[in-house]
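Q: Protein chains in written order, with this note's numbering: chain G, 1 to 182; chain S, 1 to 356.
Honestly, the hints are just simulated from the structure, not real lab data.
Note that CB positions come from ideal geometry on N, CA and C, so glycine has one too.
Certain hints may be false.
Just a few of them, taken from the derived set where beta-carbon distance is under 8 angstroms, the chain G residues facing chain S [to be verified]:
(1) 23
(2) 27
(3) 35
(4) 61
(5) 63
(6) 110
(7) 143
(8) 158
(9) 160
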Amino acid sequence: MNEEIIIAGFGGQGVLLMGKIMAYAAMMQNLEVSWMPSYGPEMRGGTANVTVVISSERISSPIVNSYDTAILLNQQSLDKFENSVKTEGILLYDPNGISRHPERKDIRIFQVSAASEAAKMLTTKTFNMIVLGAYLKINSLISLENVIKGIGDSLPERHHHLIPVNIEAVKRGMEIVKKINS
Amino acid sequence: MADIKLMKGNEAFAEAAIRAGCDAYFGYPITPQSEVLEYLTAQEPHKRTGMIVLQAESEIAAINMVYGAAGTGKRVMTSSSGPGISLKQEGISYMAGSELPCLILNVMRGGPGLGTIQPSQSDYFQATRGGGHGDYYTPVLAPASVQEMADFVRLGFELAFKYRNPVVILSDGIIGQMMEKVELFPQQPRAVEFDQSWVTTGKTPDRERNIITSVDLDSARQERHNQDLQKKYQNMREHEVRFESINCDDADYIFIAFGSASRICQKSVKIAREKGIKVGLLRPVTLFPFPAKEIKKLSKQVKGMLCVELNAGQMIEDVRLAVENNTLVALHNRMGGMVPTPEEVYHALLQKFSIE
């Protein structure tokens, strides 16, 4: 088993944290993981992406150029990475703010309206956890139980009162994700 | 039970420093290694083990604090990236001349000058040729995983005290910034057992005073001192070579790469083997001393060697010296923070050696 994932969007959307929680959950399942961020000087606003590799074997390169799963959270990322999804691979995106939607026929495309759903929740910062929930629904590789552990261990203690709303967001994402091609 | 964590390379290095019984860290922030200082500060190791962590006013101040503390026989260290490591070279040269142990981490970024903060391996020459002025070398360890970022702290201190010499850990932005699973070794005591006859912790009536200095204006004595240093470096060449070889036994072609580039090549090996091309990987773990003998041995059995580096081609000079024209040696490289993909490296192999 070898799953190569890219998560890309704007800085501040929680892309890096989402990848970290995925890697953490996979580690709890005794899998090998690597988490490689595009690090840069920007804190917010710029582009951010992270490559997560989950494998049952020792991971060779943490850097890859095609992906089993691409989670793309803004137009620039969609434009940049749509063609990097492997044939039969998965593309998950949020239609919010997207004017050119993905067009490939040889991959499976899923939508999650995470931004509009997050606006209904206690805090819009649950955006990334809604997207994570969508991924869990599409691919059963990592379990909800371990993701919940990952959320608890990744959030600093001062934010622990936000754990329940984040778990709720993951579950919400699992409900609202939909496949848009056949 | 194994102590397994998901950590960045820089964080694993910092945690390992506390656990290795390091007495003091003196540093100054610079991307892509700032997490070392951040993690150490947040951990408050003075409460855990009594370890001192201090952000100096500059890199030059930090290395001179290391110099002073090392003189007392303590386990001390610093870390930086290329521009800061250049500033520290005067201190490193003095410590090599004075024969003091310490650990120096360089998380390389693209240069020259201030360059970029993205990953690179452009400080290979600097690290493997001593770095500062004068005839000296430092052992150079090149980690290729977060696990090795932790493990090489312990190994680095061991070598530093064994040879009374600064030891360099040459990492880069990929290994420093990426997270992987790491199994941490248990806490070790801070007290070090070693020959303390040279330390300057106060003269006792039963011995002459110890002097730590790198200056000796008597040329004859300075030459003898240099000859002793050279013997020490020769000793390192004979006893401290470390490397990893993957699929080399039946290989027709060999990648030679260290650190993050070697991780990329591991995947290129898989791609090539799936296409039926017998490729292996030789990864130098110590860059000084360099695994020249092993490379020479391999050079007699293969059709070609491809050095893959994130610089203009630096390690390839050591490979060419080792190979002595026994086989073809080619280079595939990227610079300035650009990183090749495993497919790119595979195609470079096909092209350089005209493999059909």
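Q: Decide, hint by hint, whether the structure agrees.
A: Hint check results:
| no. | hint | verdict |
| --- | --- | --- |
| 1 | 23 | holds, 6 angstroms |
| 2 | 27 | holds, 5 angstroms |
| 3 | 35 | holds, 4 angstroms |
| 4 | 61 | holds, 4 angstroms |
| 5 | 63 | holds, 6 angstroms |
| 6 | 110 | violated, 26 angstroms |
| 7 | 143 | violated, 16 angstroms |
| 8 | 158 | violated, 13 angstroms |
| 9 | 160 | violated, 17 angstroms |
Violation of the numbered hints given earlier is confined to hints 6, 7, 8, 9; the remaining hints are satisfied by the structure.
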